[in-house]
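Participant: Starting from the given sequences, assemble the full structure and let the hints guide the process.
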Amino acid sequence: REGGRVREGVGGECPLLTLDPTAESQIVPGPTFHCVSFPQGGEHCYYHGQVRGNENSRAALSTCNGLHNAINLSSPTLIYILKDKLHNGTVGRKLLMMVFILQMPRSVFEEMKYLEIMIVSDHSMVCVFTESSNNNRYLLSLSFIISYCITEQLHTRVVLVAVEIWTDKDHIPISVRPLEMLRDFAKYRQQSIKHHADAVHLISNVTFHYRRSSAAYFGGMCSSSRGVGVNEYGNSLAMAGSLSQSLAQNLGIQWDPASKRKECGCVETWTGCIMEDTGVQHPRRFSKCSITDYKEFLLKGGGSCLFNRPTKLFEPTECGNGFVEVGEECDCGARAECYKECCKKCSLANGAHCSDGPCCNNTCLFYPRGYSCRYAVNDCDISETCSGDSGQCPPNLHKQDGYLCQVNQGRCYNGECKTRENQCKYIWGSKSGGSEKFCYEKLNTEGTEKGNCGKDGDKWIQCSKHDVFCGYLLCANIGRNPRIGIMKGEITPASFNHQGRLVDCSGGHVLLDDETDLGYVEDGTPCGPSMMCLDRKCLPIQSLNMSTCPTGPNGQVCSAHGVCNNEATCTCDTTWAGTDCSMPDPPKEPEAAQDEGPKGPSATNLIIGSIAGAILVAAIVLGGTGWGFNEREREREREGGREPGPYCWPQPLCHGWPRPPSMAILRPRAEQDSRTRPHQLPLLPASQTWYRHGALHCMNHAQQ
Numbered sequence: 001r002e003g004g005r006v007r008e009g010v011g012g013e014c015p016l017l018t019l020d021p022t023a024e025s026q027i028v029p030g031p032t033f034h035c036v037s038f039p040q041g042g043e044h045c046y047y048h049g050q051v052r053g054n055e056n057s058r059a060a061l062s063t064c065n066g067l068h069n070a071i072n073l074s075s076p077t078l079i080y081i082l083k084d085k086l087h088n089g090t091v092g093r094k095l096l097m098m099v100f101i102l103q104m105p106r107s108v109f110e111e112m113k114y115l116e117i118m119i120v121s122d123h124s125m126v127c128v129f130t131e132s133s134n135n136n137r138y139l140l141s142l143s144f145i146i147s148y149c150i151t152e153q154l155h156t157r158v159v160l161v162a163v164e165i166w167t168d169k170d171h172i173p174i175s176v177r178p179l180e181m182l183r184d185f186a187k188y189r190q191q192s193i194k195h196h197a198d199a200v201h202l203i204s205n206v207t208f209h210y211r212r213s214s215a216a217y218f219g220g221m222c223s224s225s226r227g228v229g230v231n232e233y234g235n236s237l238a239m240a241g242s243l244s245q246s247l248a249q250n251l252g253i254q255w256d257p258a259s260k261r262k263e264c265g266c267v268e269t270w271t272g273c274i275m276e277d278t279g280v281q282h283p284r285r286f287s288k289c290s291i292t293d294y295k296e297f298l299l300k301g302g303g304s305c306l307f308n309r310p311t312k313l314f315e316p317t318e319c320g321n322g323f324v325e326v327g328e329e330c331d332c333g334a335r336a337e338c339y340k341e342c343c344k345k346c347s348l349a350n351g352a353h354c355s356d357g358p359c360c361n362n363t364c365l366f367y368p369r370g371y372s373c374r375y376a377v378n379d380c381d382i383s384e385t386c387s388g389d390s391g392q393c394p395p396n397l398h399k400q401d402g403y404l405c406q407v408n409q410g411r412c413y414n415g416e417c418k419t420r421e422n423q424c425k426y427i428w429g430s431k432s433g434g435s436e437k438f439c440y441e442k443l444n445t446e447g448t449e450k451g452n453c454g455k456d457g458d459k460w461i462q463c464s465k466h467d468v469f470c471g472y473l474l475c476a477n478i479g480r481n482p483r484i485g486i487m488k489g490e491i492t493p494a495s496f497n498h499q500g501r502l503v504d505c506s507g508g509h510v511l512l513d514d515e516t517d518l519g520y521v522e523d524g525t526p527c528g529p530s531m532m533c534l535d536r537k538c539l540p541i542q543s544l545n546m547s548t549c550p551t552g553p554n555g556q557v558c559s560a561h562g563v564c565n566n567e568a569t570c571t572c573d574t575t576w577a578g579t580d581c582s583m584p585d586p587p588k589e590p591e592a593a594q595d596e597g598p599k600g601p602s603a604t605n606l607i608i609g610s611i612a613g614a615i616l617v618a619a620i621v622l623g624g625t626g627w628g629f630n631e632r633e634r635e636r637e638r639e640g641g642r643e644p645g646p647y648c649w650p651q652p653l654c655h656g657w658p659r660p661p662s663m664a665i666l667r668p669r670a671e672q673d674s675r676t677r678p679h680q681l682p683l684l685p686a687s688q689t690w691y692r693h694g695a696l697h698c699m700n701h702a703q704q
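Quick note on numbering: the sequence shown equals residues 1 to 704 in full-length UniProt numbering.
Mixed in with the good hints there might be a few duds.
[Unchecked claim] Below are the EDC-like pairs computed for lysine to aspartate or glutamate, each with C-alpha atoms no more than 20 Å apart in a straight line: (1) Lys425 / Glu490; (2) Lys194 / Glu515; (3) Lys194 / Glu232; (4) Lys450 / Asp517; (5) Lys295 / Glu384; (6) Lys537 / Glu567; (7) Lys588 / Glu384; (8) Lys431 / Asp504; (9) Lys312 / Glu296; (10) Lys425 / Glu436; (11) Lys288 / Glu110; (12) Lys288 / Glu263; (13) Lys465 / Glu446; (14) Lys455 / Asp535; (15) Lys455 / Glu384; (16) Lys169 / Glu110; (17) Lys488 / Glu436; (18) Lys459 / Glu436; (19) Lys455 / Asp514; (20) Lys437 / Asp523; (21) Lys340 / Glu111; (22) Lys300 / Glu567; (23) Lys537 / Glu441; (24) Lys169 / Glu152; (25) Lys262 / Asp277; (26) Lys425 / Glu296; (27) Lys488 / Asp458; (28) Lys455 / Asp523; (29) Lys488 / Asp517; (30) Lys459 / Glu449; (31) Lys425 / Asp523.
[To be verified] Listed next, with one range per pair, are the computed distances between beta-carbon atoms: (32) Lys588 / Gly454: 21 to 27 Å; (33) Gly429 / Asp535: 25 to 31 Å; (34) Val407 / Leu544: 42 to 48 Å; (35) Leu511 / Lys465: 26 to 32 Å.
Read the hints as simulated data drawn from the structure, not as lab findings. It should be emphasised that the depicted structure is a prediction, and the values quoted were computed from it without experimental measurement. For each residue, glycine too, the CB sits at the ideal point set by N, CA and C.
Facilitator: Printed below as a string of structure tokens:
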């Protein structure tokens with residue numbers, strides 16, 4: 001370190017790199033629960049910045065317990081770790097990678113999201129890290145590198161909000177079979193972890209007897225029962241890659257098979273992409289297929305918990321980390337994530353009501369109540385509107401389970417519209433579709449490979465007539481290979497002549513990495529009037545035991561002026577309010593639109609009018625006398641043999657001199673404003689200054 005910069009000699013033919021660190025929004029938010037404390041005044045060791053002389057570069061490094069780097073140049077990139085105390089021998093690895101920035105229209109995908117992760121270290125990790133502070137530093141470095149990899153491409157920040165260390169004993173059986181551990185850990189989370197987190201992942205110093213170093217439930221993000229994963233311990237770069245993969249699985253991102261490398265457009269020719277199933281070391285980019293999977297996950301209604309900002313960060317408060325904490329009115333972070341004229345040193349500028357968010361305009365004022373800030377992505381989602389007194393969009397909610405959707409053909413379940421038709425298309429592609437009811441009634445009652453309600457050992461289970469629509473999924477026009485998961489066995493083709501038509505009743509067992517079989521009808525799918533499937537049984541919707549929303553004076557839920565959401569509260573239509581949506585409350589019209597009769601001119605209007613009048617008079621005088629003066633001047637120049645000089649509006653004395661009155665156009669303030677949205681601002685500020693993460697403190701595990 002030399003006076004505000006870091007110099008790295010990487011040896012060989014590589015040049016000496018000089019890094020200019022900058023403040024990085026959300027560098028390392030600390031854990032907030034079940035932690036073993038850092039010493040008072042913890043070490044500042046997390047940095048982001050750029051390589052001097054390379055404007056397109058980006059760098060992320062940690063100096064905690066050795067040097068951990070991720071340096072992105074416009075050319076191939078070097079990533080390595082120096083020898084440290086926690087590993088015997090050098091663990092340095094060299095990787096090459098290319099960098100590109102995705103630019104897409106603003107959408108739920110582009111809106112910044114926050115993945116709040118809790119990490120649990122099992123008892124074996126206590127032996128790896130003899131001091132708890134080393135464990136915490138390792139996990140912070142881990143979240144730092146993961147967030148660096150994920151934020152830019154997926155518009156999702158990974159925020160470490162909690163750490164749990166099993167200091168005395170393991171709380172689940174630790175096994176070399178990760179899928180068994182995954183199921184046990186999912187139960188542990190449901191029963192024992194009460195702290196809020198979008199996903200909880202276990203790290204163990206065990207070597208799995210498995211083709212991968214991690215396992216996670218596919219699409220389980222935001223679910224208390226499926227938002228989990230288990231991971232092998234490794235050095236921070238290898239561990240970051242493994243944890244990125246398991247988090248991606250939670251986000252509905254599939255593995256990229258080698259056969260689709262060209263189709264998925266992975267530009268990382270050396271390291272490969274994060275979800276490539278090739279065993280490459282330390283990839284840092286997602287492929288086009290991965291990004292498409294994530295977008296599909298969001299559009300289906302997944303990830304609703306990702307849209308709320310974390311509210312609990314460690315003290316001391318730090319201006320510049322991108323989170324509004326105690327004592328702050330705003331915080332733009334390092335990448336100017338809000339209108340910079342609205343926020344100065346974490347305080348709102350004079351007259352500013354807000355500084356960022358979908359409900360804050362570029363004049364630092366709130367958008368009016370009712371302004372749409374997040375559109376519904378499907379029939380089961382709810383469109384959010386601004387409240388009129390906050391710059392942030394309200395939390396992302398969806399309709400309560402059981403609502404009808406898709407022209408009354410489906411039922412809402414966990415924010416998705418469930419139908420057998422949708423499920424067939426999701427597994428087998430858009431050309432596929434659901435089979436007719438005849439297929440289910442004929443095959444699923446037989447209890448064979450071609451129709452059943454599950455398996456008991458080696459024996460297929462027959463469906464009762466009541467449950468036939470919740471058993472084996474039967475589709476028409478399916479392809480040879482599913483678009484998701486891996487086939488177990490062969491497709492079970494079946495077709496029948498029914499009422500003079502050939503009916504296709506085919507199916508197949510399609511397994512995900514977590515061994516979930518997609519070949520059965522999903523929970524939440526309708527199976528009769530006011531009935532839906534749960535655990536391959538057709539049950540009344542009332543059996544979900546959901547809390548009910550308030551009923552209005554007219555006896556209808558939410559007074560029929562809103563919908564019941566997944567928090568069992570009413571989301572009212574724009575023109576209604578109250579807990580039961582029974583109070584008329586239309587948005588107030590702007591004052592300018594109110595007809596209150598003639599008004600006398602205000603003092604401000606008089607002043608503006610006087611100035612405008614003076615400018616107009618000056619224009620007339622100049623137009624009437626200046627032209628004649630100019631003509632006489634030209635005649636003198638011609639008589640004296642001089643070339644005519646340029647005649648124009650006087651040269652301004654300073655920038656901003658007004659144009660001639662004939663060209664002056666009065667515009668509303670919003671049109672005059674030239675400020676741009678945050679994503680249009682430069683990536684790094686002009687002044688390249690250090691930002692060092694402050695001391696982190698948390699509660700001792702023994703006190704829990």
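Participant: Against this structure, judge whether each hint is valid.
Facilitator: Results for each hint:
1. Distance check on the hinted pair: Lys425 and Glu490 sit about 19 Å apart at the alpha-carbon level, within 20 Å; holds.
2. Our distance criterion of 20 Å between C-alpha atoms is broken by Lys194 and Glu515, whose separation comes to about 27 Å.
3. Pair hint Lys194 plus Glu232 does not hold up; C-alpha atoms about 24 Å apart against a cutoff of 20 Å.
4. Straight-line distance between C-alpha atoms of Lys450 and Asp517 comes to about 15 Å, which keeps the hinted pair within the 20 Å bound.
5. Between Lys295 and Glu384 the alpha-carbon distance is near 19 Å, which keeps this suggested pair within the 20 Å criterion.
6. Proximity of Lys537 to Glu567 is assessed by CA-CA distance (about 25 Å); at most 20 Å being required, the pair is judged violated.
7. Using a Cα cut-off of 20 Å, the hinted pair Lys588 and Glu384 holds, with the two alpha carbons roughly 18 Å apart.
8. Between Lys431 and Asp504 the CA atoms are separated by roughly 13 Å; this keeps the pair inside 20 Å, and the hint holds.
9. For the given pair, Lys312 sits about 30 Å from Glu296 by alpha-carbon distance, which is inconsistent with the 20 Å threshold.
10. Straight-line distance between C-alpha atoms of Lys425 and Glu436 comes to about 15 Å, which keeps the hinted pair within the 20 Å bound.
11. With a CA separation close to 15 Å, the supplied pair Lys288 and Glu110 stays within the 20 Å bound.
12. For the given pair, Lys288 sits about 8 Å from Glu263 by alpha-carbon distance, which is consistent with the 20 Å threshold.
13. For the proposed pair Lys465 and Glu446, the alpha carbon gap of about 10 Å is at most 20 Å, so the pair holds.
14. Of the pairs offered as hints, the one joining Lys455 and Asp535 holds, with about 13 Å between alpha carbons and a cut-off of 20 Å not exceeded.
15. Distance hint between Lys455 and Glu384 is unfulfilled; the C-alpha atoms sit about 43 Å from each other, more than 20 Å.
16. Among the hinted pairs, Lys169 with Glu110 is inconsistent with the structure: their alpha-carbon atoms are about 42 Å apart, more than 20 Å.
17. Only pairs whose Cα atoms come within 20 Å are accepted, and Lys488 paired with Glu436 is rejected, the gap being roughly 24 Å.
18. Note on Lys459 and Glu436: the hinted pairing is violated, with a Cα-Cα distance of about 26 Å set against a maximum of 20 Å.
19. With a CA separation close to 18 Å, the supplied pair Lys455 and Asp514 stays within the 20 Å bound.
20. Distance check on the hinted pair: Lys437 and Asp523 sit about 18 Å apart at the alpha-carbon level, within 20 Å; holds.
21. Among the hinted pairs, Lys340 with Glu111 is consistent with the structure: their alpha-carbon atoms are about 19 Å apart, no more than 20 Å.
22. Proposed proximity of Lys300 and Glu567 is supported: the alpha carbons are some 19 Å apart, at most 20 Å.
23. Between Lys537 and Glu441 the CA atoms are separated by roughly 14 Å; this keeps the pair inside 20 Å, and the hint holds.
24. With a CA separation close to 38 Å, the supplied pair Lys169 and Glu152 exceeds the 20 Å bound.
25. For the hint pairing Lys262 with Asp277, the CA-to-CA distance comes to about 14 Å; that is within 20 Å, so the pair holds.
26. Note on Lys425 and Glu296: the hinted pairing holds, with a Cα-Cα distance of about 13 Å set against a maximum of 20 Å.
27. Distance check on the hinted pair: Lys488 and Asp458 sit about 15 Å apart at the alpha-carbon level, within 20 Å; holds.
28. About 17 Å separates the Cα atoms of Lys455 and Asp523, which keeps this hinted pair within 20 Å; it holds.
29. With a CA separation close to 9 Å, the supplied pair Lys488 and Asp517 stays within the 20 Å bound.
30. About 9 Å separates the Cα atoms of Lys459 and Glu449, which keeps this hinted pair within 20 Å; it holds.
31. Pair hint Lys425 plus Asp523 holds up; C-alpha atoms about 16 Å apart against a cutoff of 20 Å.
32. Here the CB-CB span from Lys588 to Gly454 is close to 57 Å, at odds with the stated 21 to 27 Å.
33. A hinted range of 25 to 31 Å holds for the C-beta pair Gly429 and Asp535, which are about 27 Å apart.
34. In this structure the hint that Val407 and Leu544 lie 42 to 48 Å apart at CB is violated, the actual value being about 23 Å.
35. A C-beta distance of roughly 28 Å is found between Leu511 and Lys465, which places it inside the suggested range of 26 to 32 Å.
Against the hints set out earlier in the document, violations occur for numbers 2, 3, 6, 9, 15, 16, 17, 18, 24, 32 and 34.
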